[in-house]
Amino acid sequence: MGSMSPDVPLLNDYKQDFLLKRFPQTLLGGPRLKLGYCAPPYIYVNQIVLFLMPWALGGTGTLLYQLDLLRDYAAAALSGGLMVFTASVIQLTSVYAKSKSVVVKRMITRDILAEEDEHEFTSCAGAETIKFLIPGKKYVANTVFHSVLAGLVCGLGTWYLLPNRVALLYGSPGATATLFVFGWITLCIGEYSLIVNSPTETATFQTQDTYEITPLLRPLYVFFFVSVDLAHRFVVNIPALEQMNQVLHILFVLLPFLWALGMLPPPDALFFWAVEQVLEFGLGGSSMSTPLRLLVMFIISAGTPVVAYFLPSTIGVVLFLTGLGFLLSLNLSAMSVVLRHRVGSRHEAFTGSPGHRFGWKECLLCITVLAVALLEAGLLHRYASFPEVSRSSSQSAVGYVLMALLSVLWILRETQSIYILGIFRNPFYPKDVQAASVFFDKQNKLLRIGAVRWILLTLVSPLAMVAFLALDSSLHRLHSVSVSIGFTRAFRTVWQSTENALLETVIVIAVQLLSDTECWWNRSLDTGSRLLLIGIMRDRLIQFINKLQFAVTVLLASWTEKKQHRKTTTTLCVLNSVFAPFVLFIIVFSTLLSSPLLPLFTLPVFFVGFPRPVQSWPGVVGTAACVCTDTVFYHQMVPRLAVALQTAMAAGSLGLLLPGSHYLGRFEDRLIWIMILERGYAYCCINIKGLELQETSCHTAEAQRVDEVFESAFQREHPQVCALNEHLGNILTPCTVLPVKLYSDARGVLSGIIDSHENLREFKDDLVKVLIWVLIQYCSKRSSTQENIYKTENNREAPPAPLSALNTSPCPESLEDSDSLKSDTFHEWSDDNLFDDEPANKTRKEKLQFSDLPGTNLPIPGSVDSQSADDLSTGTGPKNDLYKTVLLGFPAVDKGQREDVTCIPLMEFSCSQSHLLSLPEEWRSNRTPYSKIKEMSSLFPEEWYQFVLRQLECFHSEEKSSVLEEIAKDKALKDLYVRTVMACYIGLFGIDNMVPSPGQLVRVYNGGLPWSGTLDWLSEKPELFQLVRKAFRYTLKLMVDKASLGPTEDFKELADCLREYERDWYIGLASEEQWKEAILEEKPCLFSLGYESSTGVYTSRVLMLRELSVHIGQLNAEAVRGQWANLSWELLYATNDDEERYSMQAHPLLLRNLTVQAADPPLGYPIFSSKPLPIHLC
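Numbering of the sequence shown is given in our numbering, commencing with residue 15 and proceeding in unit increments.
If you're looking for bench data, these hints aren't it; they were derived computationally from the structure. No residue lacks a Cβ here, since even glycine has one placed at the ideal position from N, Cα and C. Wrong hints could be hidden among the right ones.
Label pairs and their in silico Cβ distance ranges [said to hold, decoys possible]:
#: 1; residue 1: LEU589; residue 2: ILE556; range: 25 to 33 Å
#: 2; residue 1: PRO281; residue 2: GLU134; range: 34 to 42 Å
#: 3; residue 1: TYR110; residue 2: THR74; range: 23 to 31 Å
#: 4; residue 1: VAL474; residue 2: ARG396; range: 19 to 27 Å
#: 5; residue 1: LEU265; residue 2: VAL154; range: 30 to 38 Å
#: 6; residue 1: GLU922; residue 2: GLU1037; range: 20 to 28 Å
#: 7; residue 1: VAL452; residue 2: ARG396; range: 50 to 58 Å
#: 8; residue 1: GLY73; residue 2: ILE556; range: 48 to 56 Å
#: 9; residue 1: TYR153; residue 2: THR582; range: 42 to 50 Å
#: 10; residue 1: ALA465; residue 2: HIS579; range: 48 to 56 Å
Hey, can you work out the whole structure from these sequences and the hints?
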């Protein structure tokens, strides 16, 4: 994505034409009167007739009513019945047209993008015309249901708009006529979208309308308006209801514009939004992490006030509401895991989330708190019932305690983050952030204060509020609906959202102390109702402040930021200034609805988005992500980050934890998006998303601004006391720094190392040493894990064996002459074709593809390949394993000449324990001529070989040193290692003692070997090949380390270095599965070699697991919701998926590009998204 120009179009030319055709269709409910191409007149006439059909049917009933031929309900029934019949005919006509096999011809056009919209029609009632006008339903059930629903809409709409009825409401003929005409236009729009053709709605929540819910949007709101009118008809003498009905009749004619502007939510979004609002503000709960949990919690919570209403005893009500409010505020799914286990495993902790454990200690804490709360509530309520006790004075005393608690908790919370109120720098926060160890030591001291806050917030405050509520006089009155609902919410909020409940309670106490006792607030409302109203006002006030800050940021950024300045900026700023009261009204209205403030194309053009759930997206988070090779870093990070977040959240470092809050984390080149989904007693549920690491220019520009925001807050050398936040206008406010054990990613250039002639020459010598070390270590580990591979005896001598069968054919004069190594030369490669997509000898190399290795049938370590005597001779005599071992220890010739090898003199190990370190039998035969191995054996470092053997730990006896000394002097064992090591060496470099080129090293590192007979031998032994590959990669890493840190001084240092590689490193390729597995297993270090073909530079990549500083900042939640609302509108309605569109460009204040990335797929593209993670704060 290139850098943004101020003249980037909001929509390209095709999308502009497309939107101009789509919007009239949305406004009119489905008729396509602007097609963009020439169509026959009957296409438009048919659509107009279908559009006005409900009015004609409803007008029939209206006329009969006005003529006093029918009663009002009979006229409505007649119109509804006619509409059901008409809708059924329309749907059956569509089904008939689909059944006819008519191919719709496409008109030839140069505009390929518009082809799908252009059709050729042959007749007025042809099948192609009907299918164009009436697409029909996908499901038969919807065909029937929508037809019946259309009849109900028409019948009730006729009743709703009867002129006599409207005249009674307003008493004006002009108003009656206006409302009648425009009201029927609204009904026609709703009916057309239901039975003829549903338009694409601007208020789109689901990316795909699988169950055809969209056609129900407009009839749903028609039913709502009609229901109020019906209530007014049958419930008399309620002035407020009459006034509401009058207002709704006026709004009814404006419904088409509200539908077209996308202010009214679709049914699914409306349902979940309403459930969340009722659960949170009416029942004291919280929005939940999944739709299923939300529905279950809502059903259970809704039954609480019903049961409380019918309980006969007031003390029973108090105990019921206290206990159930506490239980419903817990993470019951995590507790159920604990309770399902037996008492015998009580000391075992059970995982509640990655990186955090919820066990019996936490469960016992909850049980203890519940018991104390019930005992306290029961005793205090009973105490307050005594006539000699002054309830008001006792409750006032508790109120003062709550005021003190609120002040202390606010101070303790603000000391935990870098800024106070997001404006002034906290003087108590550590200043030397760059000195990590010193900073975290000071931060730990600050966290001790956070522990005090946790005790006050989790234990003291809820019990104090329970005492305040238990002493309230409202609970002693007769039962009422308001008392049941108000106190159900109050007792639930005490645990569900303690900080908010404490603030609301203190406000109620303060208002009660400052106001007159005879005022409406104190006289007419009980304490529960007051708390409910204060809770709604508190939430809406926070939303209003955030929305206002968001609107001001958008407006000022469009003027002050040069890259955001467009030709229309001045005009938009002037209009916003002139119509400031109207803009403020939009902000207030969106706040009242708890809907996002939608900036069109992220310009200062504000609309009210439709209300939607807090998560902004349908479905369950974490079910989709744009997975790539970097996703594994976030998989490794989540458990560690969850533990760090648990500490920070419990201490209050992240501020007030509210569902729908967003946080941004930054370390090195990684960005973490954290969203709070659910909040309860001592826990919250979060979603963690990882953003892309391969940064585009827009991503980089915003990431740099994020770094600047954090650096100005945390990395100043001498910050002023109570200094102002320099980035106050940014939607990101720094909070704290978390120590998290993560991988640091360091990339380097190997110029001067991998292309150094001296380093390359030493590489070949080191490779032999590393091969020896790797093979010996493998054999020692193999011998320690298997039992009785060979039967060892005190006197190990070779018994006589029949050799006549083995010598039936004469041996050649020289085994060296049996094969040649012309194909083993390393000159088959060249740097020119080093990175070709189609390397030579592909057929041979396919045998060694690493991806195929895991599926290969590897021999069991230490096992002996059983063969019959016929495989080795033409005789049938008995065979001894020792002969087989010695025979296979020598180089093999072609399979057809296997008999010739047997003339080699037999040898035996001089040490009885040597077989424990002997190479597997299947590795001892190779196709490299013995003369070549003998020629290269001078490179074998015997002193190193003996040193490695003497350092082994596989023998656990008092005579360990003497045994290892004997093994080291075993010439037969050494010869086995010489032949195998040199065969592997020749397989890698050939027989020419030439210095390899850097390109050759990289190619072998990546798994590409030159073809040779030895290559075929290695390909048949994948386990040995993996060891050779590992040795080669260790050697290359050793070369890099020696060039950077200096040469190794002696054998001991070299052995220590190799042991460190084996223990703490994974050396391979970032594209390998083993690389991902090593990261998930948290291998301390990883190394990878690469090549930049564009620059011709060899690169290295080193990952090191260490404690890193992760900067965490809080985002303006309303800014995120507003940008996501615009993203949904742009992509789902305007289909503006241009990667260079204006709303995708970098914005340093709104972090627009990062916010788009963090949206749920398919609109966003995070590379990682976790499932809902419960974080327990106890």
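>> Given the hint of 25 to 33 Å, is the C-beta distance from LEU589 to ILE556 inside that range or not?
In response: Because 28 Å falls inside the window, the suggested range holds.
> Is 42 to 50 Å right for how far apart the beta carbons of TYR153 and THR582 are?
Replying inline: Distance hint for TYR153, THR582 holds at roughly 46 Å.
> Is it true that the C-beta distance of VAL452 to ARG396 lies inside 50 to 58 Å, as the hint says?
Replying inline: Taking Cβ atoms as reference, VAL452 and ARG396 lie about 55 Å apart, which means the hint holds.
> At the C-beta level, are TYR110 and THR74 separated by a distance inside 23 to 31 Å?
Replying inline: 26 Å, holds
> Would you say the C-beta atoms of GLY73 and ILE556 sit inside 48 to 56 Å of each other?
Replying inline: 50 Å, holds
>> For the hint 20 to 28 Å, verify it against the beta carbon of GLU922 and that of GLU1037.
In response: 26 Å, holds
> Between PRO281 and GLU134, does the C-beta distance stay in 34 to 42 Å?
Replying inline: With Cβ atoms ~37 Å apart, the hint holds.
> So does LEU265 sit 30 to 38 Å from VAL154, Cβ to Cβ?
Replying inline: Since the Cβ atoms of LEU265 and VAL154 sit about 36 Å apart, the hinted range of 30 to 38 Å holds.
>> Looking only at beta-carbon atoms, does the pair ALA465, HIS579 fall within the given range of 48 to 56 Å?
In response: Because 50 Å falls inside the window, the suggested range holds.
>> For the hint 19 to 27 Å, verify it against the beta carbon of VAL474 and that of ARG396.
In response: Because 22 Å falls inside the window, the suggested range holds.
The structure agrees with every numbered hint stated previously.
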